[in-house]
Amino acid sequence: MAHRILENCIGCGACARACPVHAIEGAAKARHEINVRRCIDCGVCGMSCPVGAVQDASGKACARVPLKERKAPVIDVELCSACQICVTFCAAKALAISEPRFRGDVEAHCVLARPDKCVGCGVCEAECPLHAIRMEARG
Amino acid sequence: MKLPVYAKVDLTTGRWERFEISQEYFKKYIGGKCLAARLLLDLTEPGLGPLDERAVIIVNTGPLNGTGAPSSSRFNLSFKNVLTGGIASSNCGGQFGVMLKRAGFDGLIITGRAAEPSVLEALDGEIRIRPAPELWGLDAEKTQERFPEWYGKLVIGPAGENGLLYASAISGERVAGRCGSGAVLGSKKLKALVAYGSKRPEIYDREAFDRFILKWIRFIKRHPMTGQSLPRYGSAGLVNKANATNALPTKNFQRGHFDEADAVSGETLTETRLIRNSGCVSCPIRCERRVPVDGRELKGPEYETLGFFGPNIEAADMDTVLRMNWLCDIYGVDTISFASSLAFAMELKERGMADFGLEFGRTDKLEDILLKVVNREGIYSDIADGTKRMAAKYGGEDFAINSKGLELASYEPRRSVGMGLGYAVANRGGCHLNGGYLALLESVGVLSMDALTPKGKAQFTAFMQDALEAVSSAGCCLFSAQTFVPGVFFKLGPNSPVTKLVGKVMPHMGPMVALLLNITPAIAFNSLLLLPHAEALRRATGLRMFTGQFLDLGERSYNLERLYNLREGLTAKDDSLPKRLTRDLQDPSDSRTRVPLEKMLPVYYNVRGWDAAGRPTRRKLRRLGMEEASK
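Residue numbers (the numbering used here), protein chains in the order written: chain A, 1 to 139; chain B, 1001 to 1631.
Here are the simulated distance ranges between beta carbons:
1) B/Asp1368 x A/Ala96: 34 to 42 Å
2) B/Arg1583 x A/Ala96: 49 to 57 Å
3) A/Glu136 x B/Lys1365: 57 to 65 Å
4) B/Val1005 x A/Glu25: 21 to 29 Å
5) B/Lys1002 x A/Glu107: 31 to 39 Å
6) A/Val74 x B/Glu1207: 20 to 28 Å
7) B/Thr1617 x A/Ala113: 55 to 63 Å
8) A/Asp41 x B/Asp1611: 54 to 62 Å
In silico negatives: residues of chain B with every beta carbon more than 10 Å from chain A:
9) Met1001
10) Arg1054
11) Arg1128
12) Pro1292
13) Gly1361
14) Arg1362
15) Asp1450
16) Pro1494
17) Leu1601
18) Arg1619
No wet-lab data here; the hints were simulated from the structure. All values reported here derive from a predicted model rather than from experimental measurement. Ideal Cβ positions, reconstructed from N, Cα and C, are used throughout, including at glycine.
Let the hints inform the model, and build the full structure from the sequences given.
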């Protein structure tokens, strides 16, 4: 299954920019389309759409959710191994590996470096092999 | 059980088809280089040149690739070795493998030749070949910039286009360096392969798998080698260790020690250049060095590159090494084979046999010469062919440091004779990793198994080769196997009586190791302390996979590659080293400082279950369940 974009799409591109798996394409001001082979049903397109033009996999219309009201990752730095899987799959570039505290520092972990960029897709939580990331409401 | 799905692509016709791996093949050969060797035997006709239109190159993954298992972004390229004419497998930590799997393919089987420079796109379960003449001539960095940042990419640089025999293929900043994969892709006019998809690899028992991964990653983080030494100094940390044991190739392997080596050591790199350490995606070890080059933060050099652009050309200029490392990467040149060819050219000049304008100790012309070699200008085209072919033209076979045509890595085998045996027998030519990497036990690790005795070396080599083959086939980095040496020895230190005692005992353990390899069905358990990969594989695939079966997988892989070499005309005569290493003493006052290959080879063949001509016996193949592979 996959999400779907309806005819009332205004082609603003908000969904395409937010999609964590680059599954949405479309010309400016034209109806966008979701690549069903790629869609992971995270719902970010629906949360981003200003005109409610997105339907989820069950056919229900998605409601817009402002960024501030979406969940964001909380990282258990003790558990994190800095393997960069989450950083690699974070299309919004909100995650990063911590800066070394001194030259030759080998301690590192993932950090939510740019919370304003996080779209709340939850890919990081799903991908983390250590389950060191939990999506939680933003404080 | 989900069976691997490959795509079989013919670049001549532009057609592709799905190619499913049978259950039998999956169970026996798992994936990566082992399965690729079997497919190369099946799908290629004997005697085909490596750059022939019908030659096949396999780009594939193992079951652990992209699963979240530690250090599991390594994918494999197998093809006919451009330098040796035998088999080649080359391993790379870039994101191409992870993304290929997410695109729905476990591997690609590529044959044919495109009419014009092309790109292979593996996107969301479909393959497309499209012409891209505009990319031809671009370096690896610029080529990759032409694609979306999130794609997994595998590209060649100008060296691959121009057919340098040791041209590499590049994925991100990671390199499938050895054996000429770039030349093969170049001959197929395949400038780039890109992959993207969003499907997570299926795991047989995700919950149990993740529980094990947690334990495994903690173990890696706590181990002194993978948790401290490698993250701190990277592989570069071996420079000073090898130098201390006279195992650091110096001046084209004339010596094993260089007084100024510390200037290009891992310690110096960390103290004076390191911006941060980093790693391939999924790796908790993080051995990568991020260093400044031309004002940018780029990937730093590995041990081999430091050794070959440093002591082996009698130089110790860190900035030169950093820059040459980067240039070789973006042009798509294997740093080991290229820099070793430079050292050979320098010695030819020293002996008055040829003059390429290269001299030991001088680094000022290296960049200029690299460009000439990449463009195959005039006599520099000879350097592009590697040391074996240079020696055939100019002489100097005795000091052309290669085996089967592939240049040796940066471990002086006269101070690590087991490594010497490994170089000589390695299926892909003079490679330390395919050779079993005994240097780790003999001369650069914490344990010090007598580096000069031939005793026990054949058995340990066979064992280590099998283990490393299996780790590669599973889809993990070989560094994830470095926890095999118990952490307690690092805590005790190399000079403690216990560590020394173990080193002394090890050469006598040969028969035990050989026995172990013959009773693999009895090793029906897994342990973090041995090869955790087996347990991860078991949980990821649902296959019955214990340490014994895992070693069998490695042995199958090693024998398949051997069968391929024999089929392509290589013989026991090719299990050799240049005379500098087997005849000339590194230290004239110590008769043991040479590689006593003649003593170790027969024992090795015997341990392997091969006949005196180095051919796997029918009995051995029957035991491995692949008797038909030799037909």
